[in-house]
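Please model the complete structure; the sequences and the hints are all you need to start from.
Sequences listed follow chains A and B, in order.
Sequential numbering of the first sequence, starting at 1, is according to the numbering used here.
Sequential numbering of the second sequence, starting at 307, is according to the numbering used here.
Calculated directly from the structure, the hints in this document are not laboratory data.
Even glycine gets a Cβ: it sits at the ideal position worked out from N, Cα and C.
Don't take each hint at face value.
Unchecked claim - Label pairs and their in silico Cβ distance ranges:
hint	chain 1	residue 1	chain 2	residue 2	range
1	B	Val369	A	Asn75	31 to 41 Å
2	B	Glu662	A	Phe116	51 to 61 Å
3	B	Arg388	A	Asn75	28 to 38 Å
4	A	Leu292	B	Arg388	35 to 45 Å
5	A	Pro101	B	Glu530	48 to 58 Å
6	B	Leu596	A	Leu43	46 to 56 Å
To be verified - Calculated from the model, a selection of chain B residues having no Cβ within reach of chain A, i.e. all distances over 10 Å:
hint	residue
7	Thr335
8	Arg480
9	Ala494
10	Asp512
11	Thr522
12	Glu580
13	Pro635
14	Ser652
15	Ala653
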Amino acid sequence: MNSRAVALGEARGDAWARSTAWRPYAYLLPLIVLLGVFTYWPLLQTFRFGFLRLNPGGPPEFVGLQNYAGVFAHNQFQDALRNSVVYVLGAIPLKVLLPIPIAFFIWTIGGRIAGFHKSVLFVPTLLSFVVVSVLWIWMLNPVAGFLASVLGLVGLGMPVLLSNADTAIYVILGVSAWKILGFNVLLYLAGLASIRRDLIEAMRVDGAGDWVIFRRLIVPLLSPTIFFVLISTVVFSIQQVFTPIDVMTQGGPANATTNLFYIAYQYTFESFNIGFASAAVTLLFLAIGALLVAKLALLERHVHYG
Amino acid sequence: MITRRSATALLGASTIVSGATLASAQAPTTITLWHYQTGNRDALRAVLDQFEAANPTIKVTDVLKNNETMASEIQAAAMANRTPDIGQVLGRLVVGMIRNAGAQPLDGLPESEALERHILPNFLAIGRYRGRLYAVPHSFGTPVVYINRGILRDAGLDPDQPPRTWQELRQQARQIRERTNKIALYVAQGGRDVAAQQMMTNTGADMMDPDLKRATFSTLETIEAMQLWQDMAVKDKSYGTLTERELGALFMGGQIGMMIQSIATFQEARRNAEGKFELGIAQYPQWKSLPRRVANSGSTMLVFSRDAQRRAAAMKLIAHLTSPDVTNPWAVESGYLPLDPRASDSALVRDYLAKEPRWRVAVDQMQDTIPTARWPGNRVVEIQIVIENMVQALVQGRGTAAELVPAAERQVSAIIAQSS
Chain A
1 MNSRAVALGE
11 ARGDAWARST
21 AWRPYAYLLP
31 LIVLLGVFTY
41 WPLLQTFRFG
51 FLRLNPGGPP
61 EFVGLQNYAG
71 VFAHNQFQDA
81 LRNSVVYVLG
91 AIPLKVLLPI
101 PIAFFIWTIG
111 GRIAGFHKSV
121 LFVPTLLSFV
131 VVSVLWIWML
141 NPVAGFLASV
151 LGLVGLGMPV
161 LLSNADTAIY
171 VILGVSAWKI
181 LGFNVLLYLA
191 GLASIRRDLI
201 EAMRVDGAGD
211 WVIFRRLIVP
221 LLSPTIFFVL
231 ISTVVFSIQQ
241 VFTPIDVMTQ
251 GGPANATTNL
261 FYIAYQYTFE
271 SFNIGFASAA
281 VTLLFLAIGA
291 LLVAKLALLE
301 RHVHYG
Chain B
307 MITRRSATAL
317 LGASTIVSGA
327 TLASAQAPTT
337 ITLWHYQTGN
347 RDALRAVLDQ
357 FEAANPTIKV
367 TDVLKNNETM
377 ASEIQAAAMA
387 NRTPDIGQVL
397 GRLVVGMIRN
407 AGAQPLDGLP
417 ESEALERHIL
427 PNFLAIGRYR
437 GRLYAVPHSF
447 GTPVVYINRG
457 ILRDAGLDPD
467 QPPRTWQELR
477 QQARQIRERT
487 NKIALYVAQG
497 GRDVAAQQMM
507 TNTGADMMDP
517 DLKRATFSTL
527 ETIEAMQLWQ
537 DMAVKDKSYG
547 TLTERELGAL
557 FMGGQIGMMI
567 QSIATFQEAR
577 RNAEGKFELG
587 IAQYPQWKSL
597 PRRVANSGST
607 MLVFSRDAQR
617 RAAAMKLIAH
627 LTSPDVTNPW
637 AVESGYLPLD
647 PRASDSALVR
657 DYLAKEPRWR
667 VAVDQMQDTI
677 PTARWPGNRV
687 VEIQIVIENM
697 VQALVQGRGT
707 AAELVPAAER
717 QVSAIIAQSS
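What follows is the structure, given as structure tokens:
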């Protein structure tokens with residue numbers, strides 16, 4: 001091929017590239033429009049409403065930080081903030097760490113029995129949170145509940161858990177973890193499927209025991225999945241307890257189970273206090289954002305993507 | 307000079323104008339009613355059909371909404387100038403609807419004078435604000451004591467001698483607990499704060515000052531009443547401290563001795579008790595020897611139309627919905643309170659009482675029912691949560707009534723002062 005032909009080919013290639021350069025943007029446009037209209041525009045509006053008081057029949061009034069001050073001053077918000085931290089921190093051992101050994105156990109045994117275990121663990125994920133919440137109300141009911149009947153057989157009484165301000169939040173946390181556990185086990189099983197079993201055999205030949213294999217091989221190779229589960233747990237755990245709170249306790253007793261997500265719902269849909277709701281949602285957004293940035297900064301360096 | 311051509315044009319134009327006028331005179335006015343009559347929707351539609359038949363120029367579109375979010379939806383609609391013509395809203399939210407959703411006064415509208423004749427004055431008080439009438443009661447309730455007569459008998463009590471005062475109620479509840487080891491009493495909270503209000507207003511207290519500027523429910527009598535509630539839960543262990551959902555289901559399952567709940571639950575309780583336990587009903591206990599004085603539960607109807615013609619049509623419908631011909635059958639069918647001051651003279655009510663004498667407590671307690679606290683502003687749920695938390699802290703023994711009631715009053719006053 002002579003140089004003229006090459007130059008001609010390059011020129012044609014450039015022209016084609018120029019004429020099709022708009023295509024990726026065109027393909028992205030529907031998504032950008034949808035995200036803009038349904039995610040980022042409402043987000044910006046929410047931020048704006050946090051500084052306004054809406055007046056029926058008149059223009060909104062700028063009130064500065066009054067909504068934020070009002071939200072902060074109320075003990076319902078303080079309780080919701082404290083509970084939100086408990087929901088996030090409590091979710092980590094139950095939803096992030098506990099599924100790891102369970103998934104490892106299922107992966108190790110393999111075969112049809114592993115399939116059975118997977119199915120049993122995954123069933124709660126398929127149930128709606130409303131069903132799960134009602135089911136646990138009657139499992140734990142101290143008068144006519146299932147556990148009360150079982151304990152009654154051995155002469156023990158069922159303690160009051162759900163309407164006790166000291167224990168109710170752990171019931172909500174437990175119910176939410178019970179439902180999500182199977183799903184996270186499946187995520188870990190997907191991560192484990194990419195680990196070559198001959199590496200384990202090689203470590204065994206070198207004299208490594210189960211704990212060493214788990215710590216030195218499985219955990220590092222599973223770290224991208226662990227990191228993903230951790231991030232999604234932090235983001236979603238406050239939302240995941242919304243339905244159990246609404247069905248089981250409505251935030252009580254004495255604010256013991258409410259959280260930022262639930263009070264934002266109450267401000268919006270029960271009080272129509274849009275200023276407070278927007279302030280609460282903005283604070284929730286910033287809190288989760290800060291938590292994620294901190295986790296990314298601290299933990300991502302320990303993740304082995306290779 | 308009028309030519310033949312211009313005369314024809316004038317004739318044509320006048321025909322069109324007169325035709326349009328005739329058409330507008332005959333075109334029905336369609337008004338919208340937002341309500342949350344989930345269980346009674348067909349009954350409500352039948353009432354609306356009856357109204358349309360009597361008023362062929364008015365059509366009513368009824369829209370079923372969620373009770374919990376109705377007030378928010380109306381306020382959102384007010385922001386967009388798309389309010390319904392009539393909305394059914396809980397009584398406690400009336401002032402918020404006037405201030406934040408533009409509810410319109412009813413007095414002065416044609417047929418509004420009928421309201422004074424057809425509704426008990428103490429019921430109509432729920433809709434009065436600054437000297438004007440804005441709302442009428444609809445689906446009103448009053449608290450009564452539902453009794454599992456079998457459990458009372460098992461405890462050695464006479465179910466035909468139900469407790470007349472809270473002091474007697476405590477004695478009977480203690481006896482039920484000691485003799486049967488069952489939960490003796492459960493008080494349905496009625497949307498977070500209504501039960502506490504009933505306990506406190508029954509001692510003679512008012513929840514707020516007349517100007518609705520601050521809470522006034524912390525009195526020596528209310529503290530004593532709330533302390534009694536705590537003592538039943540903490541000392542006597544006779545009061546049920548499980549969640550509302552559990553306790554309601556347990557009573558309906560025949561596991562609890564007595565339940566204080568709105569008369570609106572009567573039909574449901576009657577159906578549930580059939581074949582399970584013998585249901586009795588008694589009036590709400592008095593506080594010592596004071597006259598009974600309980601806050602209502604239930605809803606109101608408000609008019610939001612700004613257009614004069616639609617507002618007049620809405621008022622016509624309100625007058626129909628509150629006429630004894632509608633309210634008495636509605637009460638008999640649903641179990642809610644009648645509104646008619648002469649309800650007990652009505653043949654329909656008399657016949658029903660002959661068939662179902664237990665429902666007499668509803669009629670007997672009509673005069674003792676006062677308006678629920680109409681918390682002002684846009685932070686009603688927060689106020690309710692403060693009162694709900696006070697009750698929960700009391701029954702869990704997290705402070706005495708002398709500590710918790712004044713603290714709750716201060717918090718409620720602070721929220722009222724900050725809300726719009």
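Hints, verified against the model:
no., hint, verdict
1, Val369(B) - Asn75(A): 31 to 41 Å, "holds (37 Å)"
2, Glu662(B) - Phe116(A): 51 to 61 Å, "holds (56 Å)"
3, Arg388(B) - Asn75(A): 28 to 38 Å, "holds (36 Å)"
4, Leu292(A) - Arg388(B): 35 to 45 Å, "holds (39 Å)"
5, Pro101(A) - Glu530(B): 48 to 58 Å, "holds (56 Å)"
6, Leu596(B) - Leu43(A): 46 to 56 Å, "holds (55 Å)"
7, Thr335, "holds (23 Å)"
8, Arg480, "holds (18 Å)"
9, Ala494, "holds (13 Å)"
10, Asp512, "holds (23 Å)"
11, Thr522, "holds (21 Å)"
12, Glu580, "holds (19 Å)"
13, Pro635, "holds (33 Å)"
14, Ser652, "holds (37 Å)"
15, Ala653, "holds (42 Å)"
Violation of the numbered hints given earlier is absent; every hint is satisfied by the structure.
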